[in-house]
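Chains R and X supply the protein sequences, listed in that same order. Heads up, the first sequence is in the working numbering, so the first residue is 1 and it goes up one at a time. Heads up, the second sequence is in the working numbering, so the first residue is 1 and it goes up one at a time.
Hints were generated in silico from the structure; no laboratory data involved. There could be a bad hint or two in this list.
[Stated by the list, open to error] Footprint (simulated), chain R over chain X, 3 or more residues, beta carbon under 8 Å:
#, stretch
1, 35 to 47
2, 95 to 104
3, 141 to 151
4, 156 to 164
5, 176 to 185
6, 189 to 198
[To be verified] Subject to a maximum C-alpha distance of 25 Å in a straight line, what follows is the list of computed BS3-like cross-link-like pairs (lysine-lysine):
#, chain 1, residue 1, chain 2, residue 2
7, R, Lys491, X, Lys225
8, R, Lys570, R, Lys544
9, R, Lys491, X, Lys114
10, R, Lys491, X, Lys6
Think of the CB as a built atom: it goes at the ideal place given N, C-alpha and C, for glycine as much as any other residue.
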Amino acid sequence: MYHSFDVVIVGAGGAGLRAALELGQLGSVAVLSKLYPTRSHTGAAQGGIGAALGNSEEDLWEWHMFDTVKGGDYLTDQNAAEILTREAVETVYELEHWGLPFDRTADGKIAQRPFGGHTHHFGQGAVRRSCYAADRTGHMILQTLYQQCVRNNVQFFDEYHVLDLLIHEGVVCGLVAYHILTGEIHTFRAKAVLFATGGMGRMFKITSNAHALTGDGPAIALRHGVPMQDLEFFQFHPTGIRGMGILITEAVRGEGGILLNNEGERFMERYSPTLLDLAPRDIVSRAIYLEEKAGRGINGQDYVNLDASHLGREVVEAKIPDIADFCKTYLGIDPAVDPMPVQPTAHYAMGGIPTDVDGRVLMDEQNTPLPGFYAAGECACVSVHGANRLGTNSLVDIVVFGRRAGRDIARFIAQNDFTPLPADSESRAREEVERLLHSSGGESVADIRRELQAVMMDNVGVFRIEPQMQAALERVHQLQERYERISLQDKGATFNTELLEAIELGYLLDLAELTAASALAREESRGAHSREDYPERDDENWLKHTLAYRTGTGVELRYKPVSITRFQPKPRTY
Amino acid sequence: MQVTLKIQRFNPEVDDKPHWKEYTVDVERTDRLLDALHQVKWHQDGTLAFRRSCAHGVCGSDAMTINSVNRLACKVLMADLGSRVTIEPLRGFPIIKDLVVDMEPFFDKYRSIKPYLINYDPPPPAERYQDAEDRARIDDTTKCILCGACTSSCPSFWGNPEYVGPAAIVQAHRFIFDSRDQGANERLEILNDRNGVWRCRTIFNCVGACPREIDVTRAIGEVKKLLLFNRMV
């Protein structure tokens with residue numbers, strides 16, 4: 001099947017939907033999603049969206065910008081962080097105008113609460129900046145954006161899995177997708193393509209990420225010579241439900257919850273005297289690991305307790321009702337009474353497809369754009385999160401940069417014509433599908449994936465050291481070889497999810513390889529990248545972004561400078 | 001513990017009609033049913049088809065009929081299901097393959113009730129104000145994740161697939177009772193249709209089916225009352 005649209009957007013989470021709304025009637029737009037749009041993982045975000053509205057106390061976007069830069073351990077591009085935090089305010093109002101049911105203050109304004117790493121007066125103390133709707137803020141954002149898309153008659157292609165990007169003479173001209181219902185291959189011709197495919201957390205064993213988060217967009221871009229920026233920075237959220245990885249929002253701590261070790265000690269007092277339990281996530285995750293290593297995990301095991309029992313039932317039921325529901329369902333406990341067993345869970349890729357502040361994909365250290373190609377949201381790296389993202393900033397990222405990408409795409413499609421499709425545009429996608437369906441090597445997708453997730457969790461996790469990362473890289477290479485010999489039982493065309501899982505595993509393997517290689521090369525500790533063999537941040541040699549390419553002979557690493565406009569790097573303490 | 005999963009299978013490429021197939025899995029009591037389904041798919045029978053994504057009850061992908069009750073496979077633990085579990089696709093929707101049903105008719109009905117804020121006034125430079133009490137009025141119905149468990153559990157819907165169904169009414173309620181919305185009359189007109197709210201016979205199946213614990217029948221009742229006594233201006 002063949003389609004033609006001015007713009008094709010892949011991914012129907014916050015970034016993709018927000019971009020689609022910005023394009024409005026300015027061109028014909030198709031939004032592809034491998035799920036139904038309302039299943040996208042934006043809906044799992046809990047605690048809030050950060051914006052310096054100042055509804056409960058004084059706040060300035062400059063403070064938010066500073067926090068974002070410092071939170072990112074100065075790897076954040078400051079030109080982008082300025083845009084993020086300035087435009088956060090108007091995009092939050094815009095969501096409210098579209099009907100987002102925020103919680104309210106006593107005087108009817110959007111309610112705000114404290115969140116990790118968000119401070120007033122450049123680090124003086126915690127500030128109420130997270131705009132929230134109980135602990136289901138992401139759900140409300142996703143629903144609100146989808147509602148507006150329904151209102152604006154945005155054309156969706158639900159349950160289409162992207163397989164390939166089409167490039168002709170250096171210009172992106174469309175993509176190829178697999179219709180999950182029928183197994184048909186579809187070509188979409190387009191003047192511009194936006195990837196908004198979300199995260200890649202499924203490369204790790206314990207993760208808060210949905211099964212769908214397999215880095216589809218980044219991996220496909222990578223296969224066309226686009227580098228991946230800063231993949232070594234992967235956020236481990238400190239409070240996932242032990243063993244399951246299900247997220248327990250930072251809002252629990254924003255509302256006053258505290259972390260306790262096996263001695264009942266509020267150990268964050270030792271790691272972060274000012275912000276305590278509301279220190280940024282990288283710091284809290286490391287603290288939890290160090291407590292466990294020192295034998296102070298609960299019962300000497302690999303978890304600590306998150307205690308919200310002193311907040312009272314009313315606060316728990318009003319402010320974190322879904323958390324209470326998860327605890328009841330999966331643990332059989334009541335957070336108004338019992339402590340929650342938590343451990344770090346793989347949560348968010350700071351890195352991804354390199355873009356400028358208008359979502360244009362950049363190919364190299366000279367910031368050369370690939371015309372017609374855009375990325376936004378978690379799959380992109382602007383970079384506003386630097387080496388460690390602050391809580392609430394992912395939701396800001398998707399609406400601010402989804403909107404900006406939409407605006408620039410509108411300009412681009414007005415100024416440019418369609419580029420002819422390359423000959424045999426579907427051949428690469430068809431070959432991949434046919435090869436996977438007919439391969440008979442006997443290897444199992446589930447086994448390879450399980451081994452990948454285990455080695456990434458153990459060897460490229462919260463703390464890292466050279467021999468372990470080296471071993472992980474070698475292991476990933478072995479798994480890539482085995483991947484060539486997988487066999488599937490389902491050879492059918494209708495809703496063949498076994499085939500899709502195989503395709504997704506191929507994406508994860510490539511991205512894991514680059515993650516391990518980028519981490520191995522960076523000989524310093526910064527933000528979420530914490531090396532036991534290089535425990536200090538090294539601005540002299542490493543205040544720069546990684547660009548990882550996949551070449552015929554392996555991984556090639558290049559580097560590009562960080563934008564520093566207002567805040568010179570300083571030691572990072574909280 | 002060992003559990004037998006009795007799963008309704010249907011592959012339109014080879015089967016004339018659905019049939020049952022049994023699988024034995026070894027699971028922990030704290031495993032989700034979704035984990036057990038993955039065990040089958042990943043280690044026994046790769047052809048089994050079902051939808052899933054978030055795996056913790058917020059995305060709404062994996063609603064199915066489990067021991068005759070509509071639930072999310074990721075939100076029910078094996079300890080609560082016994083040693084023999086019967087799993088069927090959601091009732092009332094066309095089956096695509098195995099546990100995957102066609103959700104298009106469901107989303108068509110959702111779209112039919114104008115599921116978006118309607119407000120004809122120009123927005124203020126900052127947020128519109130809303131009292132906390134007004135916000136509380138829509139707290140329950142804004143939780144809906146469109147999983148389809150309620151609509152598919154409704155005997156009135158089984159009897160008449162044209163019935164708009166509880167999920168669409170919940171979504172309409174979310175806007176009708178939002179103090180910022182001005183589209184109540186437009187939606188009430190749609191719901192006053194012969195296939196609208198009056199098809200609800202207060203059977204309450206939807207309330208038991210909702211994984212978000214929304215009081216669906218109450219929401220429908222509030223819409224009915226508004227239609228009968230107190231048409232909004």
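Taking the numbered hints from earlier one at a time, note which ones the structure violates and give those numbers from smallest to largest. Per hint list: 4, 6, 7, 9 violated.
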